[in-house]
Amino acid sequence: MGFFEMTKTALRTVLSRPVTILYPYQPAKKTDLTRGHIIFDGSRCISCSICQRKCPSQAILLNKEAKSWQIDRFRCVVCNSCVETCPAKCLSMDIQYTAPASAKGVEIFTITYVKPPKPEKKEEPKE
Amino acid sequence: MTKQIIVPFGPQHPVLPEPIHLDLVLEDETVVDVIPSIGYIHRGFEKLVEKREFTEYVYIAERTCGICSFIHGMTYCVGIEQIMNIEVPERADYLRTIWSEYSRLHSHLLWLGCYADSFGFENLFMNAWRIRERILDVFEQTTGGRVIQGSCKIGGVRRDISNEKLAEMSRDLNSIRKEIEELTNVFLNDDTVRHRTRNVGVLSREDAYHLGAVGPTARGSGVAIDLRKTGYAAYGKLDFPVVTDSCGDCYSRCFVRCKELFTSIDIIQQAITKIPEGPIEVKVTGAPNGEFFCRAEQPRGELVHYIKGNGTKFLVRSRIRTPTLTNIPPLVKMLQGCELADVPVIVLSIDPCISCTER
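Just so you know, the protein sequences line up as chains B and A, in that order.
Under this note's numbering, the first sequence has 118 at position 118, and the numbering climbs by one with no breaks.
Quick note, this note's numbering runs 1000 ahead of the 1-based positions in the second sequence.
For reference, chain B alone in the conformation it holds in the complex:
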């Protein structure tokens, strides 16, 4: 590489903006498809537990009696499998990553969905 070539590269590097970003201060690059973390909407969950069965890392646990839906964010691999299979569309993917945590644990959500009284199917009434 000749001298002028080197000067060209050096000048370009000096004059152009840095390629890296100062991440915590500047927001990271995100796209619409970025898999950040899973959001649960308790008002729409019909307690079918498909998400629990389809989770490859077994991070989701649904308790029909206690009406709770829990996720272990440390087990979750954010594969989008539960979001794709959810029939009630109560799960969605957010593009932001979860913040670092200092202790392991699960996040528990309450299912507030109340079945509309209209259709008389054989499903058991909820309270």
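Derived from the structure by calculation, the hints contain no laboratory data.
Quick caveat, the model's predicted, so the values are computed rather than measured.
Certain hints may be false.
Partial list, derived from the structure: chain A residues whose beta carbon lies under 8 Å from chain B [unchecked claim]:
#1 Glu-1056
#2 Gln-1141
#3 Gly-1144
#4 Gly-1150
Each residue gets a CB set at the ideal place from its N, CA and C atoms; glycine is no exception.
Given the coordinates of chain B, assemble chain A onto it according to the supplied hints.
Chain A in isolation, oriented as in the chain B frame:
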């Protein structure tokens, strides 16, 4: 005869991205023998296949490797599809090809960076990784994940890429090609780099063949084996050369990878012009009953997924043989007779991916 001493190399070493341990038997400064040992990051993926449904195992197969993850997932899916006689839509095949080639670009650029670092050229390392960042951005825009794409599934692919996006990717690759030309110019023509890599770690054609070298390690020694020529996914419909070089030293292996970057760009652009419209997945019912031996070309060489099912949701056996495992015997051969100072360059020249190797 001089006294022999043993110098341990790894498992933790500045040039090694992942842990592998080599016991170097030295006579003065010359390496006379090498005793490799692996087993630091075994994760038991092959056993896990009995505990997860075959559809879920795609995610696990993909996590075998952090660099060529897409190709691992794809090979597993192709294996299952062959057992179950599923015909994948043509568009899905093309999309798989495009993502595979992006994986190759990403992996080779990563390797070029690590390689530059191994002979102490920090600036070149940064430059290679800057280009790699653009490839990762494309991955994130099209699949949602930068490293683990999760876009391959049994029976097709999970996400489609719109035609506008494909055209944009193709245009983008033209500017990436210019940057890569500038980068590979340094790797191939710079005197200092050439001095560190020429005639270092020579592997003859016979040795490469008999010791079972695969991928760029074999092609650098003149063995023209490229599994993409077997025509899996959409490779059969695309036209591309098999890059080989004859010297078998570190420079040759670097040369092969540098030229493969351009081949990959050509393949992606060809695939983008030829991609047909249509569905991207077919519905899968039933469970695999039978066995299949599926091979694909990873950035590092030949990857083998052996899959056996018995008609239930859980597979009976999965065996993954990765390219680095077969490249370790050639590596031992290359290291015999080299200088101690050249060991990092030679070890890096096979592009070791130890997580893959130990599964």
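If you test the structure against every hint from before, which numbers come out violated? The structure breaks none of the hints.
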